[in-house]
Amino acid sequence: MSDETAVKDKKVRAAVEPTIAKSETRKIEVRHEEPSTEKKTTKVKVDDACAFFGTKQALFSVNMEIAEKEVTAIIGPSGCGKSTLIRCFNRMHETVPTAKFTGDILLDQKSIFAPTMDPVVVRRRIGMVFQKPTPFPTLSIYENVIVGLTLNGVRDKKVLDEKVEWSLRKAALWDEVKDNLQKPGAALSGGQQQRLCIARALAVELEVLLMDEPCSALDPISTSKVEELIHELRQNYTIIIVTHNMQQAARVSQKTAFMLNGKLVEYDATEKVFTNPSNKLTEDYITGRFG
Amino acid sequence: MNPSLDATKDTQIEKPLPFFSQMSQAGFGDKVFQKLTAFFAFLILFLACMTAFTLWHASADSIHKMGWKFLTTSDWDPVQGVFGAIPYVYGTLMSSLLALLIAAPFGIGISLFLTELAPQKLREPVAFLVETLAAIPSVVYGLWGIFLLAPFMREHIDPLLIKYIGGPFFKGPSTGLSLFTAGVILSIMILPTITAISREVFESVPNSYRESAKALGATNWETIQLAVMKPSKVGLLGAIMLALGRALGETMAVTMVIGNRPEVSANLLGASHSMASVIANEFSEAVGDIHVSALAEIGLLLMVITLLLNIAAHLLVWFTTSKFQR
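Chains as they are written, first to last, in numbering that gives the first Met the number 0: chain B, 0 to 290; chain X, 0 to 325.
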């Protein structure tokens, strides 16, 4: 962050909210990473995406390329279309009867809207974690993890046992629940439930993980655990996270997209977006001038 | 500014307030409301107890004379003064059970369609229509049963049942006035109850469950099973129990189509009788006090059976859900 901007920020924040005008609240730390030399392959490509609910247009011609095994954060004020966008990634927008979508989304160069693509298969490859943890209330922890597999018809006890342990370990939950696998998933704490939902998504043949404000219902400790987990998962999965929390976006992501009123305003390396945004609107947003 | 309000603010500690300013305090209204509603609630309890007591009192003669035989024998002869309730209990339970077996899948199916699958425009009107069925008086159902359902059963349904299922349960000849017809008419009468309540149960399932099931790649049907039906088990049982309560106590429609013959037979196409209909049929022309007393005892028994079934249902809920929802 340039000194000039930082000073300006402080002034603005101090004028608006004098009580929380401490320097630490304003500081957005960006995890500095050496830009990798190898060119990452594109995992998801959004091509001229427009979405409508009834007659209201929610997305205006969004184009972005999301690299494999990176964390991409989507930030923006409420109602800017960021949730709508990631719900298109696994065709969840189709569950709203009035929703319409034009344009295309490519997963490994293949359109997820192609007639040969079953939304069921798309959703297994592109998993999703929601704002509120949603373990199925009548299922145990064990059953919650494998529910995607049992839907697929996997019945082999040995396979399932292995998958449960593997997924829970991946989701950094195994040590906390390994003795209580038969307990109801709803009995866990909020943060554990959210990691259970992540484990549930990992258990199917996941490639891309969409997270729709995964930490906004969690306390700070649970949040940091989920963020750590995101770092771990990045080694194997492509992660797209929608967040209201700019510090979080800065902490976990390599790329950041800023959206406003259904349009993609800026999409670049996280460090650049937060320290030297090329668009004035982005700068105004991340310095807290609106939103 | 209202001076009395000022007074309540400033002088509260120094001296007791005049009566009317106490009234204006928020706490007073709350207290009255709480007492009033508590009174209403206890009134219900009191009425239930009084009903049970009155029935008990009225059936004292019969209880004294017949003892446990009332519950264990099946002869019902008012002239001889012999009363055994088994055929009536059997008729009531069987017709209600049949009604549940028919209505529960239909009702739950209808409400699943209305909450999960039907186009938005269709949902409210269809739900309204189904619930209107509940407002039709039962004697009207009875008339419909006599004039249309019974002949239809006799000519079209019953012969098919005899031909293709047969066995001890479906034996001819059929008159159309039977346990089975009673079950069918009851099922139509309890359908709105089951539909309305299960629809509300399904609607109360948070949408996030459906979304997470879909996000895991569940099909429509799998989503309904996993995210809608499973969390609704308790509520559905509640819907069924409420419907059972209505079926057990239903009088007019049943008495018009059940045939009114006190008989215990596995044959569902034979005539039968029910507890509520024997009371309705015989009360006005009862021969002697003991007959009236026996009818009162039937009423008491019906009340006890309803209560026991409800307790059983609650225990069932308690045991099946203990693991997760208690």
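These aren't lab readings, by the way, just hints derived from the structure by calculation.
It is possible that part of the hints are untrue.
To be verified - Here are the simulated EDC-like cross-link-like pairs (lysine to aspartate or glutamate), alpha carbons at most 20 angstroms apart as the crow flies:
# : chain 1 : residue 1 : chain 2 : residue 2
1 : X       : K120      : B       : E93
2 : X       : K68       : X       : E210
3 : B       : K131      : X       : E210
4 : X       : K120      : X       : E202
5 : X       : K229      : B       : E142
6 : X       : K232      : B       : E142
7 : B       : K109      : B       : E93
8 : B       : K99       : X       : D76
9 : B       : K131      : X       : D288
What the hints assert, rightly or not - A short list of chain B residues far from chain X (calculated; beta carbon distances all over 12 angstroms):
#  : residue
10 : K39
11 : T41
12 : C49
13 : M63
14 : E69
15 : R122
16 : N143
17 : A171
18 : A202
19 : I220
20 : N235
21 : K262
22 : V264
23 : G287
24 : R288
Fair warning: this is a prediction, and the values are worked out from it, not measured in the lab.
Heads up, the beta-carbon is just placed ideally off N, CA and C, and yes, glycines get one too.
When you check the alpha-carbon spacing of K229(X) and E142(B), does it fall within 20 angstroms?
Given that 20 angstroms is the threshold and the Cα spacing comes to 13 angstroms, the pair holds.
Are all C-beta atoms of chain X more than 12 angstroms from that of G287(B)?
holds, 30 angstroms
Taking only the CA atoms, is the gap from K68(X) to E210(X) under or equal to 20 angstroms?
Outside the cut-off at roughly 58 angstroms; violated.
Beyond 12 angstroms from chain X, beta-carbon-wise, is T41(B)?
holds, 23 angstroms
Reported absence of I220(B) from the contact zone with chain X (all CB gaps over 12 angstroms)
Holds: least Cβ distance 23 angstroms, greater than 12 angstroms.
Are the Cα positions of K120(X) and E93(B) separated by 20 angstroms at most?
holds, 18 angstroms
Just want to verify: A202(B) was marked as not at the interface with chain X; is every Cβ pair farther apart than 12 angstroms?
A202(B) is in fact no farther than 12 angstroms from some Cβ atom of chain X, at 9 angstroms.
Holds or violated: K109(B) with E93(B), Cα cutoff 20 angstroms?
holds, 19 angstroms
Quick check for students: does the CB of A171(B) sit more than 12 angstroms from each CB in chain X?
About 20 angstroms separates A171(B) from the closest Cβ of chain X, which puts it past 12 angstroms; holds.
Between K131(B) and D288(X), is the straight-line Cα distance small enough, at 20 angstroms or below?
Given pair K131(B), D288(X) is violated - Cα atoms ~67 angstroms apart, limit 20 angstroms.
For K39(B), is the shortest beta carbon distance to chain X beyond 12 angstroms?
Non-interface label stands for K39(B): nearest chain X Cβ at 26 angstroms, farther than 12 angstroms.
Holds or violated: K232(X) to E142(B), with C-alpha atoms at most 20 angstroms apart:
Since the Cα atoms of K232(X) and E142(B) sit roughly 17 angstroms apart, the hinted pair holds (cutoff 20 angstroms).
Figure legend: structure checked against the earlier numbered hints; hints not met, in rising order: 2, 8, 9, 15, 16, 18.
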